[in-house]
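With chain A held as given, fit chain P onto it using these hints.
Protein chains: 2
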Amino acid sequence: MADDDEREIELTSLVERNDLTGIRLWLAEHQPYEIADELSRMDVHLALVPFRLLDKDRELEVFEELDPHHQHQILLGLRDSAFRALLEEMDPDDRARLIGEAPAKIATRALAGLSPAERKMTAALLGYPEGAVGRYMTPETVILHRDLTVGRALEVVRAKGADAETVYTLPVVDDGRRLAGTVQLSDLVVSDDSELIKDIVDVLVPRVRATEPAEDAARLMQQANLVALPVVDSEERFVGLLTFDDALELIEAADTEDIARQSGASPVSGHYVAAGVVRLARARSVWLLLLIVAATLTVNVMQVYEATLEQVTALALFVPMLTGTGGNVGSQSATAIVRALAVGEVRLRDLPKVAWKESRVGVLLGLMLASVALVVGTALVGPLIAAVVAVSVIAICTWAAVIGSTMPILARRVGVDPAVVSAPLVSTLVDATGLLIYFSIARLVLGI
Amino acid sequence: MADDDEREIELTSLVERNDLTGIRLWLAEHQPYEIADELSRMDVHLALVPFRLLDKDRELEVFEELDPHHQHQILLGLRDSAFRALLEEMDPDDRARLIGEAPAKIATRALAGLSPAERKMTAALLGYPEGAVGRYMTPETVILHRDLTVGRALEVVRAKGADAETVYTLPVVDDGRRLAGTVQLSDLVVSDDSELIKDIVDVLVPRVRATEPAEDAARLMQQANLVALPVVDSEERFVGLLTFDDALELIEAADTEDIARQSGASPVSGHYVAAGVVRLARARSVWLLLLIVAATLTVNVMQVYEATLEQVTALALFVPMLTGTGGNVGSQSATAIVRALAVGEVRLRDLPKVAWKESRVGVLLGLMLASVALVVGTALVGPLIAAVVAVSVIAICTWAAVIGSTMPILARRVGVDPAVVSAPLVSTLVDATGLLIYFSIARLVLGI
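One line per chain: the protein sequences are A and P, in this order. The UniProt record's numbering applies: residue 1 is where the first sequence begins, and numbers increase by one. The UniProt record's numbering applies: residue 1 is where the second sequence begins, and numbers increase by one.
These are computed hints drawn from the structure, not numbers from a lab. Hints should not be assumed to be uniformly reliable.
Where chains are identical, the list cannot tell them apart; a pair therefore holds if satisfied intra-copy or between any two copies.
Okay, derived cross-link-like pairs now, BS3-like style, lysine-lysine, Cα gap no bigger than 30 Å in a straight line [unchecked claim]: (1) Lys-198 to Lys-56; (2) Lys-160 to Lys-353; (3) Lys-105 to Lys-160; (4) Lys-120 to Lys-353; (5) Lys-353 to Lys-56; (6) Lys-357 to Lys-198; (7) Lys-357 to Lys-160; (8) Lys-357 to Lys-56; (9) Lys-120 to Lys-357; (10) Lys-160 to Lys-198; (11) Lys-105 to Lys-353; (12) Lys-198 to Lys-353; (13) Lys-105 to Lys-198; (14) Lys-56 to Lys-160.
Only chain A is shown next, with the shape it has when bound in the complex (with noise of 0.2 Å):
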């Protein structure tokens, strides 16, 4: 933490004073990901006088340390020339993900700088959907053949591996180009060089096709262990590897956009620090408005129980409290089942299993946090409408954790992102829900 401050502190007041050599000296000290790090975190017109004093390998491996949202502004600010350069040696896979993310102006002006072979290499990763493991992986790949020996093998890692994004995974094809499976690098070093590469090759090592989801391919690798994934296509021809690198990148981008849904936010692109207010305002701002809307019913649920609170008013004072705890309990089962269906430990058909198993933990949970409702409403109010909050709490806790758990499981049933089943959605569908309850076990008990 300490050295990052003054990491920070230093680059951007170098920028602020203008003072060129230290710039300089500062970037010759650091990384590319360090680098790409503190332009992050400036403003556009500030980032670009760093990035501009980078030499031209750097320049290029700090640019694609960047998010998209950066890549987009800095393209912006630089010459035709440099932007032409700058695309032309990126890495095929981040280069199609930036352009099909970019604003039209910027894609065409890319794809239109190409030469014709990069742009053949980027139209052919554009054309998968988004998200898809096609946008992802490297096409640029050393390919052996399966009757080759381990001998001819090295040779040929040898002379194509300086091009190749990765030579650790080495697909192996047969005569039509189909997948017969992969060696790892480190088995041909350690093998004869007579061996055959048709004897060593791991036929079992799991593949994905390249339109398949990228978030689940990454999600295989980490399972399998593997530091490279081969792709296919739909007659399982080899057509690139996705790299570990990008994989941790797709579990971490995964995270951050679940863990934002959660909450009921879309995800913001690009650096917390460097997002502007209006841009965060919207991204929160959806979801709220549904949600204020959709309390509207707890309003109206208070307004058909008005006359039981004039005439107890009492009932109104654990209202936030009976609110509060059924959301939470909402949550922390909304919460659990999104998270375990997103790394793969719950499925469709766990459905029945799964609301039996919360709607005990709801019933355990309640009567816990009765106990606690009856001590503080007996001393509050008195026993008769603590007895009405500490069942109510039983019945909604119960109700919360149920509706919590199976609402995910049945987004994803109907094709729709289970983490849109947000904590503040689950807690106001509780709270309406919750306060029927409570109401109608408070007429029952206090015969009004």
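Relative to chain A, chain P alone:
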């Protein structure tokens, strides 16, 4: 999904029918990670049946894929010879984590059964604090001296590579075993045999101390695109490598933990489907108890204003809507900042910047939501109370955004995990304070 479901139905039913031939066939057709995934979903007494049918090599691979909770359960079901053989063969880092998290009786039995060499290696890793890189790194690497030639280095890799967990990143050391940097196996393969290691070593590669938090190291690997990260002791001597597969696992586990905390629950280790009702309830109960006790504050606030409520019952109608909205806005801010802290986008010194930004986001959201409240309120109870509600919405949203965003940063400043500033905690705090705001505005405007 469909595939997963078929797979599961098959193995579970094979085990339940005790169809040993069928189970053997199923095991032969699946990868270790798939087998581990299925075992994780089953009760341990059932999971032991297929586990015992695995041949020795795959038994180890499957076992290493299980989470510690399941590993402990499986170990308890094994005979002593099988127990020892399994532990002896494990990777030292996986074994250290298993023992570190095991109940005392398993840990003692496990350490006692190891060969002296393996016991020494495990003890060294267990010497590092829980959660530190030292617990997750592998000490089994191929170390190169900086004075070697590339040709000689490749011979070393060939000779010792089979025993190492990874040979893709090769640590380079000087005479005192101090880390000079790393070379990539891919660089060795494409370099001339006569070149010297010291001329191609990457000296700028990031390195971490073995005592640093493993999660930070994993995120550094993601940022710097490293397949393995060298780990050093306090004297800069090389002690091990953190590999990408452990980094992927660390990031996923850290995110799972943060997500659970964010909903006010302790993380539950192991598979959701296999977790018992009592264990789930216990993980969620601590915060719920604290929060319902804190929520008695809302009862107190309501009681203070009971006379006001008796005079104007209509005020009570909007209580759930106001507490709900405040909770939602506060949770969104807290979630955004906890995540930004976790991935390193926000730092301690950003506190004033964040508070100022979030207060403006809160005002914007408040204005938007107040307009809805004004319309709904006017329709249901007339313009005067509607105005009170609308003004309260603006004040509560601003307050909630500031509280939600600053509390996680303050938590980290005092050394507490920011993720404990959960959505439920923020909601509960905002409930009580929001009610104070609401009733104060009401008494001011209505003159009561």
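To see whether the hints hold, each was checked on the structure:
no. : hint               : verdict
1   : Lys-198 to Lys-56  : between (42 Å within a copy, 25 Å between copies)
2   : Lys-160 to Lys-353 : neither (53 Å within a copy, 49 Å between copies)
3   : Lys-105 to Lys-160 : neither (35 Å within a copy, 54 Å between copies)
4   : Lys-120 to Lys-353 : neither (50 Å within a copy, 45 Å between copies)
5   : Lys-353 to Lys-56  : neither (58 Å within a copy, 34 Å between copies)
6   : Lys-357 to Lys-198 : neither (49 Å within a copy, 60 Å between copies)
7   : Lys-357 to Lys-160 : neither (55 Å within a copy, 50 Å between copies)
8   : Lys-357 to Lys-56  : neither (58 Å within a copy, 36 Å between copies)
9   : Lys-120 to Lys-357 : neither (53 Å within a copy, 44 Å between copies)
10  : Lys-160 to Lys-198 : both (20 Å within a copy, 24 Å between copies)
11  : Lys-105 to Lys-353 : neither (51 Å within a copy, 33 Å between copies)
12  : Lys-198 to Lys-353 : neither (45 Å within a copy, 60 Å between copies)
13  : Lys-105 to Lys-198 : neither (48 Å within a copy, 47 Å between copies)
14  : Lys-56 to Lys-160  : within (23 Å within a copy, 39 Å between copies)
Checked against the numbered hints above, the structure violates hints 2, 3, 4, 5, 6, 7, 8, 9, 11, 12, 13; every other hint is satisfied.
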